[in-house]
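Number of protein chains: 2
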Amino acid sequence: MNKTGIPTYRKRLGEAVRKRRLSLKLSQEKLSERIDCHRNYVGSVERGEQNVTIDVLMRFAKALGCTVGELAREGRF
Amino acid sequence: MNKTGIPTYRKRLGEAVRKRRLSLKLSQEKLSERIDCHRNYVGSVERGEQNVTIDVLMRFAKALGCTVGELAREGRF
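In order, the protein sequences belong to chains C and W.
Going left to right, the first sequence walks through residues 683 to 759 as my numbering numbers them.
Going left to right, the second sequence walks through residues 683 to 759 as my numbering numbers them.
Next up, chain C with everything else stripped away, as it sits in the complex:
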């Protein structure tokens, strides 16, 4: 936990998602289309605001061409 009330691991997951998205040159909108969710939701996940489920994590990982394990490793959690 930090000053924002958001657990550190969620922040780092969000950073890992953002980093992969940018390396694929995808906008939040494009990623949201791949995942079939609202664009705002992608932003919210990237800020660590969402307590995402394993099913949603899988959709993010697939859309980003990686595994949940890789996202977790990159987010160091």
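Simulated from the structure, these hints should not be mistaken for laboratory data.
Every clue listed holds true.
It does not matter which identical chain is used: a pair holds within one copy or between any two.
Below, in silico cross-link-like pairs of lysine-lysine (DSS-like), each with a Cα-Cα straight-line distance of 30 Å or less:
#, residue 1, residue 2
1, K744, K693
2, K712, K744
3, K701, K744
4, K744, K707
5, K701, K712
Take the given structure of chain C and dock chain W to it, following the hints.
Using the frame of chain C, we list chain W on its own:
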């Protein structure tokens, strides 16, 4: 997805949790105490029935002395 309607990755997450729990010689009840949840919930997660959140995954990982990344790697997802 498989015949049970449970996604394969959830099944494998559950197996990874179960394997780690048994290697620590913990009962489902003991693990549930560490995680502060109902014993039945642990069994349900081990069967892949739960769409667990990242916060819950973190609690499982901590209680099992590993990271979420390790659980995901062991579950191959």
